[in-house]
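Protein chains: 2
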Amino acid sequence: MSTAPSAVAPKPIDTAALLNNLHWRYAVKKFDASKKIPAATWQALEQATVLSPSSFGLQPWRFVVINDKALREKLKGASWNQSQVTDASHLIAFARRTHLGAEDVQRYIDSIAKTRGVPAASLDGYKNMMLGFAQQPGLDTGLWAAKQVYIALGVFLTAAANLGVDACPMEGIDPKQYDELLKPALGSDYTTLCVAAAGYRASDDPVAGMAKVRYALSDVVKHV
Amino acid sequence: MSTAPSAVAPKPIDTAALLNNLHWRYAVKKFDASKKIPAATWQALEQATVLSPSSFGLQPWRFVVINDKALREKLKGASWNQSQVTDASHLIAFARRTHLGAEDVQRYIDSIAKTRGVPAASLDGYKNMMLGFAQQPGLDTGLWAAKQVYIALGVFLTAAANLGVDACPMEGIDPKQYDELLKPALGSDYTTLCVAAAGYRASDDPVAGMAKVRYALSDVVKHV
Numbered sequence: 000m001s002t003a004p005s006a007v008a009p010k011p012i013d014t015a016a017l018l019n020n021l022h023w024r025y026a027v028k029k030f031d032a033s034k035k036i037p038a039a040t041w042q043a044l045e046q047a048t049v050l051s052p053s054s055f056g057l058q059p060w061r062f063v064v065i066n067d068k069a070l071r072e073k074l075k076g077a078s079w080n081q082s083q084v085t086d087a088s089h090l091i092a093f094a095r096r097t098h099l100g101a102e103d104v105q106r107y108i109d110s111i112a113k114t115r116g117v118p119a120a121s122l123d124g125y126k127n128m129m130l131g132f133a134q135q136p137g138l139d140t141g142l143w144a145a146k147q148v149y150i151a152l153g154v155f156l157t158a159a160a161n162l163g164v165d166a167c168p169m170e171g172i173d174p175k176q177y178d179e180l181l182k183p184a185l186g187s188d189y190t191t192l193c194v195a196a197a198g199y200r201a202s203d204d205p206v207a208g209m210a211k212v213r214y215a216l217s218d219v220v221k222h223v
Numbered sequence: 000m001s002t003a004p005s006a007v008a009p010k011p012i013d014t015a016a017l018l019n020n021l022h023w024r025y026a027v028k029k030f031d032a033s034k035k036i037p038a039a040t041w042q043a044l045e046q047a048t049v050l051s052p053s054s055f056g057l058q059p060w061r062f063v064v065i066n067d068k069a070l071r072e073k074l075k076g077a078s079w080n081q082s083q084v085t086d087a088s089h090l091i092a093f094a095r096r097t098h099l100g101a102e103d104v105q106r107y108i109d110s111i112a113k114t115r116g117v118p119a120a121s122l123d124g125y126k127n128m129m130l131g132f133a134q135q136p137g138l139d140t141g142l143w144a145a146k147q148v149y150i151a152l153g154v155f156l157t158a159a160a161n162l163g164v165d166a167c168p169m170e171g172i173d174p175k176q177y178d179e180l181l182k183p184a185l186g187s188d189y190t191t192l193c194v195a196a197a198g199y200r201a202s203d204d205p206v207a208g209m210a211k212v213r214y215a216l217s218d219v220v221k222h223v
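Sequences listed follow chains A and B, in order.
First residue of the first sequence? That's 0 in numbering that gives the first Met the number 0, and the numbers climb one at a time after it.
First residue of the second sequence? That's 0 in numbering that gives the first Met the number 0, and the numbers climb one at a time after it.
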């Protein structure tokens with residue numbers, strides 16, 4: 000993952016295909032429990048999510064993929080018993096870092112230095128800028144980190160749609176129960192915000208047949 | 000935009016192309032001010048953004064595209080003088096709704112009823128669920144709405160990368176000055192969260208030549 004952006008040529012996709020896939024996407028209510036996402040496709044979705052942009056590049060997030068069936072059953076109980084949690088091929092929890100301290104900045108600086116083969120000291124300007132941001136009075140680091148995680152959620156859902164994978168983002172969960180059940184993966188430094196179920200829609204999902212509802216573009220996008 | 004998801008067949012893109020485009024993407028520091036995004040491509044990006052998922056589908060957002068050159072200059076002053084604000088082909092501000100009230104729920108219910116050709120009364124269950132959510136004590140509607148807007152930011156950035164359009168998401172702005180300068184488009188019901196500049200990287204943008212920095216996938220994605 001250490002290629003420079005300039006060393007990669009974009010492979011633009013067809014504009015109509017992109018919009019087609021975003022029209023096709025919807026929040027699946029009923030998954031086909033028998034259909035599984037191929038391993039290579041899921042791997043790509045993980046990679047796409049990790050490639051999400053974040054403020055300063057600080058990546059204040061962790062993503063937990065829950066494969067264990069018994070655990071998925073327990074999480075369903077912490078998700079208003081929504082069937083997507085157990086029926087979907089995959090379930091991924093999006094968690095934010097609980098704090099933003101000097102050690103986060105240092106870890107990131109070390110990562111930059113290693114990836115780019117530069118002395119950490121040469122990054123002092125950037126480091127101090129980030130420390131100034133992190134230490135400003137009144138900064139709501141929870142809000143800040145949550146925003147970044149939701150960028151990643153947007154990337155994940157768009158990537159899934161473009162790979163022909165159905166998904167259902169879910170905020171209707173009990174984060175505290177999730178944190179408890181996912182403790183081995185989250186530790187105490189990350190806290191659950193939301194989850195996404197991913198897989199393939201059931202042929203009889205009634206929601207799939209309903210027209211997509213959006214406000215008119217002219218009401219939502221203004222030009223000045 | 001009222002097609003049902005089930006009436007559309009997905010046109011999956013090549014997995015390698017998707018990851019290629021996300022590797023190619025980076026936060027552009029220096030745009031080529033002479034290169035403009037074709038109108039059809041920009042239109043598609045607006046449509047992709049409007050198609051973003053949101054909690055309940057409530058779309059608590061507004062997007063403002065700033066074309067006016069003098070206004071872009073003023074906004075630059077409210078953005079730490081970052082050159083992307085004036086040099087990029089396009090500039091789009093992402094704003095959240097400032098509150099979530101019964102009138103927002105009703106507007107959405109009316110939109111569903113109209114789009115799907117069903118009586119609004121048949122949606123009372125869904126309406127009451129949303130009202131219950133909106134009126135729960137202690138709900139931080141600002142945080143809630145901000146999260147949704149950041150999903151849209153993630154969708155926008157992923158869509159742009161897939162269409163071969165460069166971008167730079169920017170949180171380093173003064174939202175109050177933006178709100179004041181964009182008042183004709185935002186009114187008093189929306190407030191600026193962040194912006195994205197979009198266009199094409201300058202051939203001499205030094206950042207484009209730097210390797211992309213990400214923590215190891217195994218550190219960020221956990222399997223349980």
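Source of the hints: derived by calculation from the structure; they are not laboratory data.
Any given hint could turn out to be false.
Below 25 Å or equal to it, Euclidean Cα-Cα: the simulated BS3-like pairs (lysine-lysine) are [claimed, not checked]:
(1) A:113 x B:75
(2) A:126 x B:75
(3) A:73 x B:221
(4) B:211 x A:10
(5) B:68 x A:10
(6) B:221 x A:221
(7) A:28 x B:10
(8) A:221 x B:68
(9) B:35 x A:10
So, going through the hints one by one against the coordinates:
no.: 1; hint: A:113 x B:75; in the structure: 33 Å, violated
no.: 2; hint: A:126 x B:75; in the structure: 24 Å, holds
no.: 3; hint: A:73 x B:221; in the structure: 18 Å, holds
no.: 4; hint: B:211 x A:10; in the structure: 18 Å, holds
no.: 5; hint: B:68 x A:10; in the structure: 31 Å, violated
no.: 6; hint: B:221 x A:221; in the structure: 41 Å, violated
no.: 7; hint: A:28 x B:10; in the structure: 21 Å, holds
no.: 8; hint: A:221 x B:68; in the structure: 16 Å, holds
no.: 9; hint: B:35 x A:10; in the structure: 19 Å, holds
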